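Asker: The listed protein sequences derive, respectively, from chains A and B. Using this note's numbering, the first residue of the first sequence is number 1, and each one after it goes up by one. Using this note's numbering, the first residue of the second sequence is number 1, and each one after it goes up by one.
No wet-lab data here; the hints were simulated from the structure. Some clues are possibly wrong.
[Said to hold, decoys possible] Under 10 Å between C-beta atoms, here's a sample of chain A residues computed to sit facing chain B:
1) LEU2
2) GLN4
3) GLN5
4) PRO92
5) SER95
6) LEU108
7) GLY112
8) LEU224
9) ILE253
10) PHE255
11) SER257
12) ASP259
13) LEU271
[Claimed, not checked] Covered by chain A, according to a simulated footprint, are these stretches of chain B (three or more residues, beta-carbon under 8 Å):
14) 81–89
15) 208–218
16) 250–257
In this text, all values refer to a predicted model and were calculated from it rather than measured experimentally. All C-beta atoms, glycine included, are put in the ideal place defined by N, C-alpha and C.
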Amino acid sequence: MLLQQIVNGLLLGGVYVLVAVAFSICWGFLNFVNFSIPALFSLGGFCIWVFMQYGIGWWPSALLAVVLAAAVSCIVERFTFRFQRNAGPVVPLVSSLGFLILIENVLLALYGSEGRAVQLPLQDVNWRIDGLVISLPQLGGLLLAILLVAGFSVALKTSKLGRGVRAIAESPDTAVLLGVRINSLVPLVFLLAGVFSGLAGVLFALGYQQVSPFIGDQVALKGLSAMVLGGMGSIWGAVLGGLVIGIVEVLAIRFWSADFVKIAVYGVLLLLLIIKPSGLLGNGQTRQEKF
Amino acid sequence: MSGYVETILVMLSINVILAYAAFLPLAAGQVNLGIAGLMAIGAYASSYLGAEYAVPPGPAIAIGVLISAAVSIVIAFPILRTRDIYLALATLALGECISGIIINTEALGGAAGYSVSGYVGLPWIASCAIGVCVLVFILFRTRLGLCIVSVDDDERVADLLGIHVRAVKVAAFSMGGALAGLAGGLYAHYFSFIEGQHFTVLLSVYVVLYVLLGGAKTLIGPLAGALIFTLMPELLRAGNEWRYALFALFVIAVMAIRPHGLFMPGQPPWRRLGRSGEAR
């Protein structure tokens with residue numbers, strides 16, 4: 001049933017949307033591919049299980065997990081940006097990869113590598129219309145993702161903070177000269193990236209009810225593809241890219257095999273980068289000069 | 001020599017070769033996150049030749065290297081249209097595609113992996129690693145080495161001075177690919193078993209980290225990075241399952257204290273870091 005597959009793809013895409021937006025704000029504002037995002041995803045998804053082990057209800061656990069991911073993201077900011085300003089473009093990349101290894105291995109050391117079941121108290125979490133099955137946690141996740149992105153993009157356009165962040169994106173040096181407080185705005189970007197990626201992990205955990213310390217590696221890297229697909233740094237592009245990647249993945253599983261997903265997703269990415277690197281909704285002024 | 005020490009020395013040699021495989025494109029300003037894919041091509045090509053056509057390990061690995069180099073050259077032309085972070089992502093996608101294709105190819109054992117018939121021992125692998133180091137050191141004494149560095153320093157100026165920038169870039173990329181193929185062939189013939197799942201993005205990322213941690217602008221950097229990356233988790237073995245976490249802390253600390261990597265001799269101009277006017 002094709003329609004069912006497309007619905008599934010869109011629901012899965014909700015997770016990718018959040019990750020892609022997290023990547024996109026780091027790239028768009030800081031010119032930085034933040035490889036700690038897959039780890040924050042794992043952290044969010046895995047910690048909901050950890051908190052539930054202590055007898056906390058599922059939604060306070062989810063909230064705590066997102067808060068934790070956001071807090072860790074702020075620590076990441078210190079060690080990728082604050083302490084190494086002007087250190088060259090590769091340094092934040094390497095440090096964020098360091099955090100990727102660190103966070104996942106701390107989870108591994110504390111809780112082992114086996115998959116854990118996240119048990120929801122809700123009995124039937126599916127919604128059926130005309131034979132179409134829609135998973136409610138996933139639908140809620142998709143709606144939440146789009147709402148958050150919409151709210152974020154409005155805030156970016158209208159608020160003073162948003163103006164400051166956009167000024168940093170334009171030119172960090174000029175922004176500082178004009179009185180933008182770069183030291184308080186950069187953590188804000190990381191905080192948001194942490195919230196988006198942690199939330200994506202939580203939604204993934206709730207949707208699939210299975211987590212492991214390494215879920216971020218495979219899932220969140222597809223979010224990176226989604227970001228590029230939509231246009232690097234474009235927030236609505238990230239939304240579109242996330243949904244497209246979700247659909248491509250589900251259709252690839254439906255018509256070929258689960259192993260084929262990798263070829264389909266990354267093949268699309270590779271072709272796109274070669275043919276049109278600015279992505280679907282990119283503005284063509286992608287900053288190719290800077291790394 | 002105990003089997004444990006031998007395995008570590010083999011991993012060290014292979015990691016040194018991989019580090020230089022990542023270093024050559026990096027020296028020309030390209031971040032190649034597809035090293036694992038090119039390594040997989042070398043590993044599978046040489047093993048396939050050994051198993052199907054009974055080619056002895058030496059020639060099989062050599063042909064594997066040639067195939068990796070050929071694939072790199074063919075891929076280099078379209079992929080080097082992109083640059084900087086786009087190139088990094090394109091190579092990442094490439095690596096994932098290659099491992100995806102291998103997992104889906106029945107003739108290569110698919111996801112179940114592939115047994116390798118030939119065997120290559122530590123002495124050969126170690127001498128290959130030493131040979132690679134020597135070759136890279138010699139390369140950077142030649143004109144081509146100088147061209148590679150100049151392309152990284154300033155492409156436009158290099159172009160104005162009559163250097164064929166594109167050719168130099170393709171050369172650096174595909175020499176790196178050839179080295180990755182060599183590492184793959186040696187890996188396959190020592191461990192006698194390969195599977196597509198081994199050649200992941202994470203492996204590529206680690207290899208690029210060797211270079212960046214050691215210092216991407218010096219010849220000694222990749223060697224130092226590979227040494228640290230291979231030996232340190234082993235030395236931290238006392239810390240048991242915490243060793244990779246400790247190791248990651250070390251990486252983060254090095255980047256906070258020495259952002260340009262451990263090795264950064266500043267004398268010759270091409271080794272200077274941080275081109276002026278480049279923020280962050």
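Asker: If a hint holds in the structure, say so; if it does not, say that too.
Answerer: Okay, the hints, checked on the actual structure:
1. LEU2: violated (23 Å)
2. GLN4: violated (25 Å)
3. GLN5: With a closest approach of 20 Å, the GLN5/A hint is violated.
4. PRO92: holds (7 Å)
5. SER95: This hint holds: SER95/A lies near chain B, its Cβ roughly 4 Å from the closest one there, short of 10 Å.
6. LEU108: holds (7 Å)
7. GLY112: holds (9 Å)
8. LEU224: holds (7 Å)
9. ILE253: violated (13 Å)
10. PHE255: With a closest approach of 13 Å, the PHE255/A hint is violated.
11. SER257: holds (7 Å)
12. ASP259: Nearest chain B Cβ about 5 Å off; hint holds.
13. LEU271: holds (9 Å)
14. 81–89: holds (count 8)
15. 208–218: holds (count 4)
16. 250–257: holds (count 4)
Going down the numbered hints, you'll see the structure goes against 1, 2, 3, 9, 10, while the others check out.
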